[in-house]
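Same order as they appear, the protein sequences are chains A and B. Here this note's numbering is used: the first residue of the first sequence is 1, the next is one more, and so on. Here this note's numbering is used: the first residue of the second sequence is 1, the next is one more, and so on.
It should be emphasised that the hints constitute simulated quantities derived from the structure, not laboratory data. The structure presented is a predicted model; accordingly, all values stated were derived computationally and were not measured. It cannot be assumed that every hint is accurate.
[As the list claims (entries may be wrong)] Partial list, computed: chain A residues near chain B (C-beta under 7 Å):
| hint | residue |
| --- | --- |
| 1 | Gln-71 |
| 2 | Lys-155 |
| 3 | Pro-160 |
Ideal Cβ placement from N, Cα and C applies to all residues, glycine included.
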Amino acid sequence: MLSKSQIAQRIAQELQNGWYVNLGIGIPTLVANYIPEGIDVEFQSENGILGMGPFPVEGTEDADLINAGKQTITALPGAVFFDSATSFAMIRGQHVQLTVLGAMEVSQNGDIANWKIPGKMVKGMGGAMDLVASAENIIVAMMHTNRAGASKILKNCSLPLTGVGCVKKIVTNLAVLEVVKEGFKLIERAPGVSVEEIQQATEGDLIIEGDIPEMKL
Amino acid sequence: MNKKVANVEEACQGIESGMTLMLGGFGLCGIPENSISELVNLNVTGLTCISNNAGVDDFGLGLLLQKKQIKKMISSYVGENDEFERQMLSGELEVDLIPQGSLAERCRAGGAGIPAFYTPAGYGTEVAEGKEVREFNGKPHILESALTADFAIVKAWKGDTAGNLVFKGTAGNFNPMMAMAGKITIAEVEELVEPGELNPNEIHTAGIFVQRIFQGKGYEKRIEQRTVRPKN
Chain A
1 MLSKSQIAQR
11 IAQELQNGWY
21 VNLGIGIPTL
31 VANYIPEGID
41 VEFQSENGIL
51 GMGPFPVEGT
61 EDADLINAGK
71 QTITALPGAV
81 FFDSATSFAM
91 IRGQHVQLTV
101 LGAMEVSQNG
111 DIANWKIPGK
121 MVKGMGGAMD
131 LVASAENIIV
141 AMMHTNRAGA
151 SKILKNCSLP
161 LTGVGCVKKI
171 VTNLAVLEVV
181 KEGFKLIERA
191 PGVSVEEIQQ
201 ATEGDLIIEG
211 DIPEMKL
Chain B
1 MNKKVANVEE
11 ACQGIESGMT
21 LMLGGFGLCG
31 IPENSISELV
41 NLNVTGLTCI
51 SNNAGVDDFG
61 LGLLLQKKQI
71 KKMISSYVGE
81 NDEFERQMLS
91 GELEVDLIPQ
101 GSLAERCRAG
111 GAGIPAFYTP
121 AGYGTEVAEG
131 KEVREFNGKP
141 HILESALTAD
151 FAIVKAWKGD
161 TAGNLVFKGT
171 AGNFNPMMAM
181 AGKITIAEVE
191 ELVEPGELNP
201 NEIHTAGIFV
211 QRIFQGKGYE
221 KRIEQRTVRP
231 KN
């Protein structure tokens, strides 16, 4: 089973040279720690920076320099700041090649829910709806099941949706899945996790073809 | 043209209960701290506030929420504020949650004389309920309308008395679009200079969008999530 950092590490293998990438809050943020050697990517944060760098050295943090998770960050050489309308022009206009975000639920037609639990938790969608409606490439980083052990990889989402038919790939603590016409296609297993365990943790239709390789981290 | 006013009291003259206000900022970054304090002093109520976030419990718009001055919030993300969540779930506070990019564009459209626009964001979700859907290039989009406000209140790093503004870092965020969309736009700045002192090539918001500008003071610039690397 993968740790949250290992989920991020596996997603980082998907990065391609020259891509602009938007990382959501939580596990996706960790992807920046595992950029493969020789791959040149630039991180966009939708509150208004391209060329986002690591957290600042203690004592140099600046209230005017934060990411979309409201964390203090740094700007790398070549970075640029812009307003929110320009930022979402980059996103809706598909100038950002990859979006990585978290989810509470994903369904097998590619729907995603991650912003609201009716009557319990309403934080808002932030930029998630704009991101999922527009990105050509969306990878969801999530735990396969919730704390009670129930699957988050579903036939249909039960929570209010963030976007419809948009998720292409999912990396969980158990597996790498691709959303295809017939359901969730199992691509890789986490080290030490069996196909049966993944099957048990998946409520949606799981498509298993041939031997499923273990992830290489 | 001189837009300079003496202080925050003069800048906020004419703000009344029941008005619609836009307030710049993302989280606590780039919020008009001085003007928010003045709104608390003025004790105006029944406000509709258009702002990406609602501050935290004891800072930013959270200060107005505590005093129940806000009737309705139009925002994209309201986490990190317990009082907000309590008022929303109990029904005391009306809340219109809209996608962040749509919020930014609705403000921009309001200032740019565009009454509405189509966006793919929110299609197939609660956000689309009651909105016109139309396909472009085989993809469904929803119609979003422009937003304007009685007063837009923005915060910049530097400004000149002609109302030209320069933002710093990620503190620009919603401020430039909101500046465009206010019937009256108030700008508070950390450093107010004379015309000619700002490089015209580096101005973000043109003074035409700003009606009142003043030198702010005592900025706290609170950090919401302090994340650092150790020295060495």
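Going through the hints against the structure:
1. Gln-71: holds (4 Å)
2. Lys-155: Nearest chain B Cβ about 17 Å off; hint violated.
3. Pro-160: holds (5 Å)
Checked against the numbered hints above, the structure violates only hint 2.
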